[in-house]
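Here's the letter readout for the chains.
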Amino acid sequence: MATAQAHTETKWWSGGKSPFNVEYGKLMMWYFLMSDAFTFGAFLISYGTIRFSQNYWPDPNEVFNAFPLAGHANLPLAFVSLMTFILIVSSVTMVLAVHAGHNMDKKGVIKWMIWTVIGGIAFLGCQAWEWTHLITGDHAVMINGQIENIGTTVTMNPWGPAANVAAHDGHHVGTPGPVAFGGYFFGITGFHGFHVASGVVINIVMLIMAINGTFERKGQYWMIEKAGLYWHFVDLVWVFVFLCFYLI
Amino acid sequence: MEHAIQEITFHHEPGGKEVVSKIIRTTVILSVITIIELGMGLGMYAIPMAAGLKLFLKGVIVILSLAKAFYIVGVFMHLGEEVKNLIMTIVVPLLLFVWFIAAFLYEGNSWKNLRNTYNPKQAVTAPAAPHEAGEHH
Chain A
1 MATAQAHTET KWWSGGKSPF NVEYGKLMMW YFLMSDAFTF GAFLISYGTI
51 RFSQNYWPDP NEVFNAFPLA GHANLPLAFV SLMTFILIVS SVTMVLAVHA
101 GHNMDKKGVI KWMIWTVIGG IAFLGCQAWE WTHLITGDHA VMINGQIENI
151 GTTVTMNPWG PAANVAAHDG HHVGTPGPVA FGGYFFGITG FHGFHVASGV
201 VINIVMLIMA INGTFERKGQ YWMIEKAGLY WHFVDLVWVF VFLCFYLI
Chain B
1 MEHAIQEITF HHEPGGKEVV SKIIRTTVIL SVITIIELGM GLGMYAIPMA
51 AGLKLFLKGV IVILSLAKAF YIVGVFMHLG EEVKNLIMTI VVPLLLFVWF
101 IAAFLYEGNS WKNLRNTYNP KQAVTAPAAP HEAGEHH
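Protein sequences appear in the order of chains A and B.
Numbering follows my numbering, with no gaps: position 186 of the first sequence is 186.
Numbering follows my numbering, with no gaps: position 116 of the second sequence is 116.
Think of the hints as simulated: they come from the structure by calculation, not from any bench.
C-beta atoms are modelled at their ideal positions from N, C-alpha and C, and glycine is treated no differently.
Please note: incorrect hints may appear among the correct ones.
Within a straight-line C-alpha distance of at most 25 Å, the following computed DMTMM-like cross-link-like pairs (lysine to aspartate or glutamate) qualify [stated by the list, open to error]: (1) 111(A) with 36(A); (2) 112(B) with 59(A); (3) 84(B) with 36(A); (4) 84(B) with 23(A); (5) 84(B) with 18(B); (6) 17(A) with 81(B); (7) 26(A) with 81(B); (8) 22(B) with 107(B); (9) 11(A) with 81(B).
Some, not all, of what chain A presents toward chain B, calculated at C-beta under 7 Å [what the hints assert, rightly or not]: (10) 28; (11) 48; (12) 61; (13) 74; (14) 81; (15) 88; (16) 91; (17) 92; (18) 95; (19) 99; (20) 212; (21) 229; (22) 230; (23) 239; (24) 247; (25) 248.
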């Protein structure tokens, strides 16, 4: 804000200069991100509306308590914390790549873009594991007087209120929860994952262009900045997906 | 064409060490906020507490998430360094979310209340008096 204050003395609208002081592509990236924010916002608000309309909603601490190679250990939110930190770190490496670009530091850009791509792929790997675990992980549920083992999908939700029966083997038996849970979870985290995947592709293209010296010949690294805006937006959306699905 | 409008009239200072230290400081802030949020989320699960306190903690987590969003957009995306008018064209439309969230969550809650209090028998056996029909649709 301090720099914006210092610039207010300039007469931006008197002609001869660009009032927003940014390159066209960057401005359009901002407006695209704003429209994308409304798309994600609409999805999340729709989820909130349905959740508020239900008498029962699964506790995220019970649903998301698994960790790879940890067996049946009860580790609430541990894995999603790891995913969150992976995304934060890859956002930091991206901002360092943009910074290196400002300084025309080709080696720095390449190094930090490689780390950013690795972070994005690691996040997608984590999400693939989490989805697989939810879909294939069976839970005993009382359906029409019979105990059935079901996973979490867009049509089934084993995370309902506890049933009034004690299972013979002492296992927890529940009733089916609201079906909307799986639909919203897979829909919204999937749409976010699609953004991460396209961001990784964009970052790989930027990395190849940086290695080939395209930006060095142009004399500026603005493309890295625009890809960076998109990548930070993906991190920004995750803050709210994390908030809505895992924390509250 | 000698007076062609330049898109970028002012270049931001490239900056050196102080930019990197600002990035590191923001990273630390984001990580600490995330850890606090996780601690509160786990606390709501592990410690039995009143519904009101739980709701209060959820509210605090929402505010902390907004703080994270502010740091990501302001520092990592450098929106804070842009011209004020540009910042406003991005931020002002997003104010629609205030109404959007309030209206739809109210709607969801009302939906739940109507479903919970709806009694099909009552609706069939209690017809409204003719002069009140207009009010009770």
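Need the list of violated hint numbers for this structure, in ascending order. 1, 8, 10, 13, 20 and 22
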